[in-house]
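> The primary structure of each chain is shown beneath.
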Amino acid sequence: MSEAAAAARSTAVPASLPENLSPETATEPAPQAKILLVDDEPKSLFALQELLSGLGQNLMIAQSGEEALRLALKNDFAVILLDVRMPGIDGFETARLIRSRERSRLTPIIFLTAAADEMSSMFRGYEVGAVDYLQKPVVPEILKSKVAVFVELHRKTERLRESEEKLRRLAAHLISVREEERAHIAREIHDELGQVLTGLKMEVTWLAKRLRDKPLIEKTDSMCKLIDTTVQTVRKIATGLRPEMLDDMGLIAAVGWQAKEFQKRTGIRCRAKLPPEVKLDIDISTTMFRIFQEILTNVARHSRATRVDIELMLSAERVGLEVVDNGVGIADDDLNGKKSLGLLGMHERALLFGGDVKITGTPGHGTRVSVSIPMKQKA
Amino acid sequence: MRILIADDHPIVRHGLKQMLASDPAATVVGEATNGDEALEMARKLEWDMAIFDFSMPGRSGLDLLGDIKKEFPGKPVLILSMHSEDVHGSRVLRAGGAGYITKDSAPQELTTAVRKVANGGKYVSASLAEILASECSSDPQKALHEKLSDREYRVMWLLATGKQISEIAREMGLSPSTVSTYRTRILRKLGLASNAALVHYAVRHQLVG
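Keeping their order, the protein sequence lines are chains A and B. First residue of the first sequence: 0, per numbering that gives the first Met the number 0; consecutive thereafter. First residue of the second sequence: 0, per numbering that gives the first Met the number 0; consecutive thereafter.
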């Protein structure tokens, strides 16, 4: 690519505008990308450094394969320029080793070859993870524009990772805010409204006792009934927002209760195998309970099951939940589908506490959901 | 009879006192507004029985009941609660509570409960008794509906909630004649003669909600 072509590229694609002009980074300058230059000859290294210094990035150098490996262990490079011919570990071997480490598994490597005959070993180079070849002596413009492309790619990847991280934190925040909000509203409704109604009923009863007039007694009776119905409604709304037994009795009792409610509400038979009741961390309990509710919602909506088996397991390290239904079985498409926000929500909730959710469906034989959350909250 | 009451809501405490006032033998000696205060009063005052709200700020519920029972094992504690009996009732009794009444129960029930508990008895409401009975029955297979297969059970539930044969067929992905066969088998297994009897059965056994 000529410089002109590179220039045309950058005007055509707005995202590759210079860093200081792009909106996301207008306030904070982009950190320098790290580039690793590997050559056993100091002269070549010096030349490469001179050539690339204009890019304004952080250039790091290594004079051997071993040194390059050490640096690749500690740094994330946008690109590595690697001389093929070196004493000791040669370029190919170095590339293979770099690529075998998790951290540098995808780091782009450009091989520098000294002579045309080495081009025959290109194939070997690509096998160990080379993304490009440059023949020495390198043409400055080609080298610069190629490296610039990788620097840009690296920045975009970084930005994407950052925004993913931000989204995850935002989702976590939203989940906990919503949970707090629900608990708060439930408490307010249940306690304040419920207690006032209780008091009201006591007053009406007091009044009723002193009445001798039949029509008036009938009136107070119907008032009492109205209050009772309202109390039931209040209770239902509060429980729907946040079941009180989760706070009063803990996760195990709440799961048992929810299973019974589910059977009553759907006619789908529910069998729960629960450990003896103990109190667990409230945040972990809430997470597990909400995931459990989501699983049951899915069973009721999509499974056509006639039976659900639930098992809650406790160990010193983990809380495990297994829910198996005998319905149609979730299809792989539905598992990965964009529409499965509910499933995504379950995964996100579990992830917040370092846990995971596994869902497997067997067509015609039902779906199995396994949830596991470590007991100790991640610091 | 000296009674200690605890409830964080003035209006409920007021109503409670009013109701207890109708019983000449009862005197309210202390009114606590939260769990910690209740425990403090229990230590300081002379009392014969206590009536506590289940959920109060601070120490409350089963924890508070446990503390009181530990220090005053012989004294009866009646729990008054906004929560329905199926969730908390049997747990309160197991934790040593002398009785459990929901706040929406009839005031006469409270008076009855207070008398019963004051005489050293335990007060169990009719609906709580039913829950306890079903919890205690050692063999859950005894209930007739437990003999239904999972699919029969669901058909039974759908019938009990008023669904037509054709609707059930659609919902379960079965043919209407299969559903009819299921219906016949369900009625036979439950020893019932009609859909109306089935609805009645389901309601009585709390299979629908």
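Since the hints were made in silico from the structure, they are not lab data. Treat the numbers as computed from the prediction; the structure is a model and nothing was measured. Incorrect hints may have been included.
The list that follows gives simulated cross-link-like pairs (lysine-lysine, PhoX-like), each with its CA atoms no further than 25 Å apart [stated by the list, open to error]: (1) B:K69 / A:K263; (2) B:K68 / A:K278; (3) B:K115 / B:K16; (4) B:K146 / A:K259; (5) A:K208 / B:K115; (6) B:K188 / B:K146; (7) B:K162 / A:K263; (8) A:K155 / A:K33; (9) A:K73 / A:K33; (10) B:K16 / A:K208; (11) B:K188 / A:K259; (12) A:K272 / B:K146; (13) B:K188 / A:K278; (14) A:K263 / B:K68; (15) A:K278 / A:K259; (16) A:K259 / B:K16.
Simulated DEER-style distance windows between Cβ atoms [claimed, not checked]: (17) A:P274 / B:S179: 38 to 48 Å; (18) A:H172 / B:R184: 27 to 37 Å; (19) A:K224 / B:P23: 41 to 51 Å; (20) B:Q17 / A:K278: 29 to 39 Å; (21) B:H13 / A:L225: 14 to 24 Å; (22) B:G95 / A:D332: 49 to 59 Å.
Some chain B residues flagged as far from chain A (calculated, every beta-carbon gap over 12 Å) [as the list claims (entries may be wrong)]: (23) L15; (24) S21; (25) P23; (26) E45; (27) W46; (28) D47; (29) D66; (30) E145; (31) S176; (32) L186; (33) A195.
Idealized CB from N, CA, C, for every residue including glycine.
> Decide, hint by hint, whether the structure agrees.
Hints and how they fare:
1. Distance check on the hinted pair: B:K69 and A:K263 sit about 38 Å apart at the alpha-carbon level, beyond 25 Å; violated.
2. With a C-alpha separation of about 20 Å, the suggested pair B:K68 and A:K278 falls inside the 25 Å cut-off, and the hint holds.
3. Using a Cα cut-off of 25 Å, the hinted pair B:K115 and B:K16 holds, with the two alpha carbons roughly 18 Å apart.
4. With a CA separation close to 18 Å, the supplied pair B:K146 and A:K259 stays within the 25 Å bound.
5. For the suggested pair A:K208 and B:K115, the alpha carbons sit about 22 Å apart, so the restraint of at most 25 Å is met.
6. About 8 Å separates the Cα atoms of B:K188 and B:K146, which keeps this hinted pair within 25 Å; it holds.
7. Restraint check for B:K162 and A:K263: the C-alpha separation of about 15 Å stays at or below 25 Å, so the hint holds.
8. A threshold of 25 Å between alpha carbons decides the hint, and for A:K155 with A:K33 the separation of about 14 Å falls inside it, so the pair holds.
9. This hinted pair checks out: A:K73 and A:K33 have alpha carbons roughly 11 Å apart, not beyond 25 Å.
10. Restraint check: the Cα-Cα separation between B:K16 and A:K208 comes to about 15 Å, which is no more than 25 Å; the hinted pair holds.
11. Using a Cα cut-off of 25 Å, the hinted pair B:K188 and A:K259 holds, with the two alpha carbons roughly 23 Å apart.
12. For a cut-off of 25 Å, the pair hint linking A:K272 to B:K146 stands: about 19 Å separates their Cα positions.
13. The hinted pair formed by B:K188 and A:K278 fails the criterion: a straight-line CA distance of about 41 Å is larger than 25 Å.
14. Restraint check: the Cα-Cα separation between A:K263 and B:K68 comes to about 35 Å, which exceeds 25 Å; the hinted pair is violated.
15. Restraint check for A:K278 and A:K259: satisfied, since their Cα atoms lie roughly 20 Å apart, inside the 25 Å limit.
16. Of the pairs offered as hints, the one joining A:K259 and B:K16 is violated, with about 37 Å between alpha carbons and a cut-off of 25 Å exceeded.
17. Between A:P274 and B:S179 the beta carbon distance is about 42 Å. The supplied range of 38 to 48 Å therefore holds.
18. A beta carbon spacing of about 53 Å between A:H172 and B:R184 contradicts the range 27 to 37 Å that was offered as a hint.
19. For the pair A:K224 and B:P23, the supplied restraint of 41 to 51 Å is violated, since their beta-carbon distance comes to about 30 Å.
20. For B:Q17 and A:K278, the Cβ-Cβ distance of about 37 Å falls inside the hinted range of 29 to 39 Å, so the restraint holds.
21. The supplied range of 14 to 24 Å is met by B:H13 and A:L225, whose beta-carbon atoms lie about 21 Å from each other.
22. The hinted range of 49 to 59 Å is satisfied by B:G95 and A:D332, whose Cβ atoms lie roughly 55 Å apart.
23. Non-interface status of B:L15 relative to chain A is broken: a Cβ of that chain comes within 12 Å, the nearest being about 7 Å off.
24. Residue-level check failed: B:S21 sits 8 Å from the nearest beta carbon of chain A, not beyond 12 Å.
25. The Cβ of B:P23 lies farther than 12 Å from every Cβ of chain A, with a closest approach of about 15 Å, so its non-interface assignment holds.
26. With a least CB separation of 27 Å from chain A, B:E45 remains clear of the 12 Å interface cut-off, as annotated.
27. With a least CB separation of 22 Å from chain A, B:W46 remains clear of the 12 Å interface cut-off, as annotated.
28. The claim that B:D47 is not at the interface with chain A holds, since no C-beta of that chain comes within 12 Å of its own (minimum 22 Å).
29. With a least CB separation of 16 Å from chain A, B:D66 remains clear of the 12 Å interface cut-off, as annotated.
30. Interface exclusion of B:E145 from chain A breaks down, the closest Cβ pair being 10 Å apart, not more than 12 Å.
31. B:S176, annotated as away from the interface, keeps every beta carbon of chain A farther than 12 Å; the closest lies near 19 Å.
32. Under the 12 Å C-beta cut-off, the non-interface status given to B:L186 relative to chain A holds; the minimum distance is some 16 Å.
33. Distance to chain A confirms B:A195 as a non-interface residue, since its nearest Cβ pair spans about 18 Å, more than 12 Å.
Hints 1, 13, 14, 16, 18, 19, 23, 24, 30, counting from the list given before, are not met by this structure.
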